[in-house]
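There are 2 protein chains.
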Amino acid sequence: MPKVILLILDGLGDRPVAELSGLTPLEAAATPNLDKLATQGICGLQNALGVGQRPGSDTSHLAILGYDPHLYYTGRGTIEVAGLGMRLEAGDVALRGNLGTVTDDLLVVDRRAGRISDTGPFVKDLDGLSFEGVTLHIKPGTGHRAGIILRGPSLSSHISDNDPHEVGVRIHEVKPLDDSAEAAFTARVANHLFTEAHRILKHHPLNQERVAQGKPPANYLLARGAGFYKKVETFQERYRLKACAIAGGGLYKGLGAFTGMDVLKVPGATGLANTDISAKFQAALEALGGAYDFAFVHVKATDAFGEDGDFLGKKSFIERLDQSAQILLNRPDLLVVVTGDHSTPCALKRHSGDPVPIMMVGEGVRTDQVTAFGERSCTQGGLGRLTGLMIMPEIINLLGLSPLIGN
Amino acid sequence: MPKVILLILDGLGDRPVAELSGLTPLEAAATPNLDKLATQGICGLQNALGVGQRPGSDTSHLAILGYDPHLYYTGRGTIEVAGLGMRLEAGDVALRGNLGTVTDDLLVVDRRAGRISDTGPFVKDLDGLSFEGVTLHIKPGTGHRAGIILRGPSLSSHISDNDPHEVGVRIHEVKPLDDSAEAAFTARVANHLFTEAHRILKHHPLNQERVAQGKPPANYLLARGAGFYKKVETFQERYRLKACAIAGGGLYKGLGAFTGMDVLKVPGATGLANTDISAKFQAALEALGGAYDFAFVHVKATDAFGEDGDFLGKKSFIERLDQSAQILLNRPDLLVVVTGDHSTPCALKRHSGDPVPIMMVGEGVRTDQVTAFGERSCTQGGLGRLTGLMIMPEIINLLGLSPLIGN
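Chains as they are written, first to last, in the working numbering: chain A, 1 to 407; chain B, 1 to 407.
One thing to keep in mind: the hints can contain errors.
Which copy is meant is left open, because identical chains are indistinguishable; a pair holds if it fits in one copy or across any two.
[Stated by the list, open to error] Simulated pairs of lysine to aspartate or glutamate, DMTMM-like, Cα-Cα distance not exceeding 25 Å:
no.	residue 1	residue 2
1	Lys-349	Glu-363
2	Lys-36	Asp-368
3	Lys-349	Asp-333
4	Lys-139	Asp-262
5	Lys-231	Asp-178
6	Lys-202	Asp-110
7	Lys-349	Glu-394
8	Lys-242	Glu-19
9	Lys-230	Glu-182
10	Lys-202	Asp-127
11	Lys-202	Glu-233
12	Lys-349	Asp-293
13	Lys-242	Asp-354
14	Lys-265	Glu-233
15	Lys-349	Asp-368
16	Lys-242	Glu-173
17	Lys-265	Asp-276
18	Lys-265	Asp-293
FYI, nobody ran anything at the bench for these hints, they're computed from the structure. Treat the numbers as computed from the prediction; the structure is a model and nothing was measured.
Working from the sequences, and respecting the hints, build out all of it.
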């Protein structure tokens, strides 16, 4: 059975750009290797959440990996926290955290406490705080970031952020977002715990040092994106494929961890335009040469160029990626699947609901007449127009692993 | 942001016609302007209610306008009554009415009372009749027609018509169509009110005049198509687009009113083959040049020619429409969407489940290689194959207004 490499180029899809002679960055880019893959494979278009729907990167990835976001997505917090290696339990409420700086009047001065580089010494004094049966678990993330879990009975993720998402305003009170007793309880507990955390951080000796050095103190735990964790069937339980995730960005590591994949560390995988794409492909091929059946490889920069409106940068980055993709050619041991999670048209500088090209290359696919990997060439492909939740069933079918429905 | 014109050519789709060298009326018609739009736009095929499904004009339009007929369609009555400008309240049962002629034994002699031209003087004596807490509201429609609302607690639209839909048979008793107490109650009340209405009409002085003049008396209120009204989110509430409807036919005005659009009066818009298409386009463009963001323009005659099996008439009418469509060319201020609600093949003389071509023309669309607007050319288009409920999300996405799902 071939091993699967699922390559997701974030925000890949685009709209025609006048300065590129009416082509999209992907169409305008010289991509001989992706085009060879398209020639050998079966192509199509996909909308992760359905035609015209505009997905976030979290919901679109869940759908593409086969996890219906309507069932599995309740907020970004659970995914980010999973990406930090925190073990979630059913009933947990998870939030994304920042250490920030507030005045005595709780006005936010800096949401990142001067881009503090390590929150470890601070958050260890907060880990384990509890109130009314709810315990706060916290772990440092990169830079000013931290993962937060509220653990206890009868919690709800329908609570607002304390993070006002801007400076110069007061810390928000956490409010329940529905009429349930659980949301009211969770909001009340969260407010208490965040106030207690502030009290501890305010008097933290390291903050006295920071102030003495003229640095903004890391004196408030800003929280956002509450998500509720229900037990998630792992990728291996679901598909009987041992899977790994290779990504630079925290969200995508989180998506791997959230679905029970092993998140591999790859030096040079930054989640930025300077990422070492070849190192990622190499790591994936090594993993697939070993114990793994399925490698989810994520590349972020296509999306970032789209959000910057930088169509030349997007085109160039795709060309650089194409060079690295040569290693994926002529590999009968692989089923290579390439797509994006959504479109990020340079003209819009944000996600859109335009469909994204997809191709599947490997033994047994019904090769079509498409010879270029692009938004419009792929409309002529044999896969037609898919939604995200159709992709894993297609992959599992090509692997010959689909369960028989009926007799 | 561009303004949207959604042009629906009723019953547009067709099947190959031997006498047209195996082309459909749309394919055989000379349509240089529609073809130019197709060349500049993105094309596809759509089935309003899904592949192979054979829709009514009411259900197909609801789906195309983004209102799932499974949730919003309970019967034609609500839509027709809305089109007469009657204000529906949640819980109302609405029916389409005719004034007809019956004998003393309640045998139907004429379902349209000699195509009586104005029911106003008659129905005003019925308006406000009530029984067991249910009030009958009635308003004249065009010709022999009237809109009927039953208003009161605990009503159901699961009742049969009193209209036997043929002459020479007795008026039908209204029967409950399910076992609920509400349906039984509504049927009982309706029978009482229709009998009472008959008593009033029978002795109406204008009917004594009609009989004296040798005209059939308008002595019975025939009712059909009971629909139950639940509050419908308006088009503007749903999409934040101020919308207007331009149509000749009552159903289509009703669909506009039902979805909360402003129904514009356009002189010459008849809903027939003699309709002034240019006047409709002109009115739409004027509305879009003013306060409106979205214009739904309906043209009926394509369907009527299909129902008559008149493929030459359908072809000619499409050619006439194409000439008027020149005004839609090269309008960067517009997103032009053209489709039909369903196919009405001349060979069948009725609606079918064959898909209908669709095109979207405007800023940002991924122009495909389709250069003719037709049933078969559009199979090669970039939109692929849509259902009705996918059309509004595509439009909203092209406008850049799709809400982000996830993060």
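Going through the hints against the structure:
1. In this assembly of identical chains, Lys-349 and Glu-363 lie within 25 Å of each other by CA distance solely across copies; the values are 15 Å between and 38 Å within a copy.
2. Taking identical chains as interchangeable, the C-alpha atoms of Lys-36 and Asp-368 lie at most 25 Å apart whether they share a chain (12 Å) or sit on different chains (22 Å).
3. For a Cα distance limit of 25 Å, the shortest separation of Lys-349 from Asp-333 across copies, 21 Å, qualifies, whereas the shortest one inside one copy, 38 Å, does not.
4. Taking the shortest Cα distances, Lys-139 and Asp-262 sit within 25 Å of each other inside one copy (19 Å), while across copies they are farther apart (56 Å).
5. For the identical chains of this complex, Lys-231 and Asp-178 are neighbours both inside a copy (23 Å) and across copies (23 Å), given an alpha-carbon limit of 25 Å.
6. In this assembly of identical chains, Lys-202 and Asp-110 lie within 25 Å of each other by CA distance solely inside one copy; the values are 15 Å within and 82 Å between copies.
7. In this assembly of identical chains, the alpha carbons of Lys-349 and Glu-394 lie at most 25 Å apart only when taken from different copies (18 Å versus 31 Å within one copy).
8. Taking the shortest Cα distances, Lys-242 and Glu-19 never come within 25 Å of each other, neither inside one copy (44 Å) nor across copies (33 Å).
9. In this assembly of identical chains, Lys-230 and Glu-182 lie within 25 Å of each other by CA distance solely inside one copy; the values are 16 Å within and 32 Å between copies.
10. In the homo-oligomer, the alpha carbons of Lys-202 and Asp-127 lie at most 25 Å apart inside one protomer (16 Å), although the nearest pairing across protomers, at 74 Å, exceeds that limit.
11. Within a single copy, Lys-202 and Glu-233 get their C-alpha atoms no closer than 41 Å, and across copies no closer than 50 Å, so neither meets the 25 Å cut-off.
12. Taking the shortest alpha-carbon separations for Lys-349 and Asp-293, only the inter-copy value of 23 Å comes in at or below 25 Å, while the best intra-copy value is 36 Å.
13. Proximity of Lys-242 and Asp-354 under a CA criterion of 25 Å is satisfied inter-copy only: 24 Å between copies versus 32 Å inside one chain copy.
14. Proximity of Lys-265 and Glu-233 under a CA criterion of 25 Å is satisfied intra-copy only: 23 Å inside one chain copy versus 50 Å between copies.
15. In this homomeric assembly, Lys-349 and Asp-368 come within 25 Å of each other (Cα to Cα) only across copies, at 23 Å, whereas the closest approach inside a single copy is 33 Å.
16. When the C-alpha separation of Lys-242 and Glu-173 is checked against a cutoff of 25 Å, the pair qualifies neither within a copy, at 43 Å, nor between copies, at 36 Å.
17. For a Cα distance limit of 25 Å, the shortest separation of Lys-265 from Asp-276 inside one copy, 12 Å, qualifies, whereas the shortest one across copies, 63 Å, does not.
18. For a Cα distance limit of 25 Å, the shortest separation of Lys-265 from Asp-293 inside one copy, 17 Å, qualifies, whereas the shortest one across copies, 51 Å, does not.
Checked against the numbered hints listed earlier, the structure breaks hints 8, 11, 16; every other hint is satisfied.
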